[in-house]
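As given, the protein sequences belong to chains L and D, one line each in that order.
In terms of numbering that gives the first Met the number 0, the first sequence opens at residue 0 and continues consecutively.
In terms of numbering that gives the first Met the number 0, the second sequence opens at residue 0 and continues consecutively.
Everything labelled a hint here was simulated from the structure, so no lab data went into it.
You may find that some hints are simply not true.
[What the hints assert, rightly or not] Derived lysine to any residue pairs resembling SDA-like cross-links, with alpha carbons at most 25 Å apart: (1) D/Lys7 <-> L/Gly57; (2) L/Lys299 <-> L/Leu125; (3) L/Lys89 <-> D/Gln25; (4) D/Lys7 <-> L/Arg70; (5) L/Lys236 <-> L/Pro217; (6) D/Lys7 <-> L/Ser19; (7) L/Lys89 <-> D/Gly30; (8) D/Lys7 <-> L/Lys235; (9) L/Lys115 <-> L/Val88; (10) L/Lys232 <-> L/Thr191; (11) L/Lys235 <-> L/Lys299.
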Amino acid sequence: MLASSVQRSKSTPYPSKARSALIRRAVVVVLVLVALTLVTISFRSPTSGALHSVQGAGSTALRPFQIAATRVAQPFRDAYDYVHGLASVKAENKRLRKQNAALRASALIAAAKLAKYPDYAKLLHLERSSRFPDGYRPINADVISNPGGPFAHTLTIGVGSSSGVRMNSPVVSGDGLVGIVSNVFPDAASVTLLTNPGYYVEARDLTTGVRGGVVPSPAGGGTLVLSGVEKTKVVKKGDELVTNGTHSARFPDLYPYGIPIGRVAAKPGATDTAVFLQVQVQPFANLGSLDAVAVLVPKKSRR
Amino acid sequence: MTLGDGVKAAALLFVAALAQVSIFSQVHVFGAVPDVLLVTIVGFALLRGSVAGAVGGFFAGLLVDTATLGTLGLTSLVLTLAGYWIGRYGETTGRDRGHAPFLSVAVVTVLYQFGLLVVHFVLGESAPAGAVVRSLIPAILLNLILTAPIYALVRRLLRPLARDALSAEVQLLG
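One chain only, chain L, in its complex shape (with noise of 0.2 Å):
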């Protein structure tokens, strides 16, 4: 079987069929050289030319065309333009949402910081000024939290041991005495605030030179009471109260000299009876909301 011949059918010519091909190839080699000579043309002289003005004259032609369809297709533009702009404002309007809730949450803490700045200038200015007392350098610190409620005096600030830190440190805010250090952490303190009960502080008339003990006041609301001030001594509303500071190597006192404490709120009285004024102090430092206060140490370290 494989050695038989097969028969193959018989090869035809197809003269028509090849000038066919002739023919297409040709249309196209010419078609193709016609492209191209017109790109040459166009290309070497884009502005002027028989060309150009060929075009420019079967462009001028073609425009009431081209007008037309445009008009034709306005009314399917304008729907598509709208849907478009529909999905696009929604986008936008996503978009703008979650750059709206970003920029509110930037000037929430921006605000938030500028709150706090009135506390730091004061502190600052204080730290700056005349009447830091010589001899301690401060250790500014944010209040990391104020008291809870009226039964709590104390508060909680965001610098520890680690910072210098130690325990019965005098604490001061831009405005005066805000208390004493009365716990220490590495990285944060407890103060406990002139208004604690059983708190006590060695105090100075500016005005007249008396001195007295500042005491939290049994009635509370935050003032304090100017205690032992016998009733022959003056004391005038408005008087200002500053530490007393250490009179005696020996015993030396918790508070520099010349912190600012209060100022007196109403005019001292005294019952017969009664041996000393009652001097009631209002304090300058706003206890109740404070946000950068400085801690007091000293230079030298105490033996």
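We have chain L; now place chain D onto it with these hints.
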């Protein structure tokens, strides 16, 4: 191709070129522009063969270049080759295949985009290859969407020719 066919084809390509220049050139979807003219030429070339495709592509391109006042002959050159190539495909392997228009449009869209890019590059004009590549997939999809209705329209206007009339030199076996 009869005279009537020629007139129909001329009208079809004229309308397609005008629609492309006036309407569809302004429709941008994901950076791509749907090409009605290219799809029409593909349909025309598939139905009428390579010579008709090349001639149609040439004159349609000339029309586009004239209307847009672009470099004359540039679009003609690319569309001539596209029409010829698709026409050859229609005369040979693509004949009577249902997927032929879609396959042709997808391939020609890519070749047309890169062909224009190359020609512009050779002429020293702006040829942003990155933008062309980025818009390639959307362009293919858009043209494929247009393929079914346009091919149906072209087929309705220009009835498919008999096999022998389409290409004399190609003989299909079986």
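Here is what the structure says about each hint:
1. D/Lys7 <-> L/Gly57: holds, 21 Å
2. L/Lys299 <-> L/Leu125: holds, 21 Å
3. L/Lys89 <-> D/Gln25: holds, 22 Å
4. D/Lys7 <-> L/Arg70: Roughly 23 Å separates the two Cα atoms, so the pair holds.
5. L/Lys236 <-> L/Pro217: Cα-Cα ~20 Å, so holds.
6. D/Lys7 <-> L/Ser19: holds, 24 Å
7. L/Lys89 <-> D/Gly30: holds, 20 Å
8. D/Lys7 <-> L/Lys235: Not OK: D/Lys7 and L/Lys235 at ~113 Å, beyond 25 Å, violated.
9. L/Lys115 <-> L/Val88: violated, 40 Å
10. L/Lys232 <-> L/Thr191: Cα-Cα ~30 Å, so violated.
11. L/Lys235 <-> L/Lys299: Given pair L/Lys235, L/Lys299 is violated - Cα atoms ~37 Å apart, limit 25 Å.
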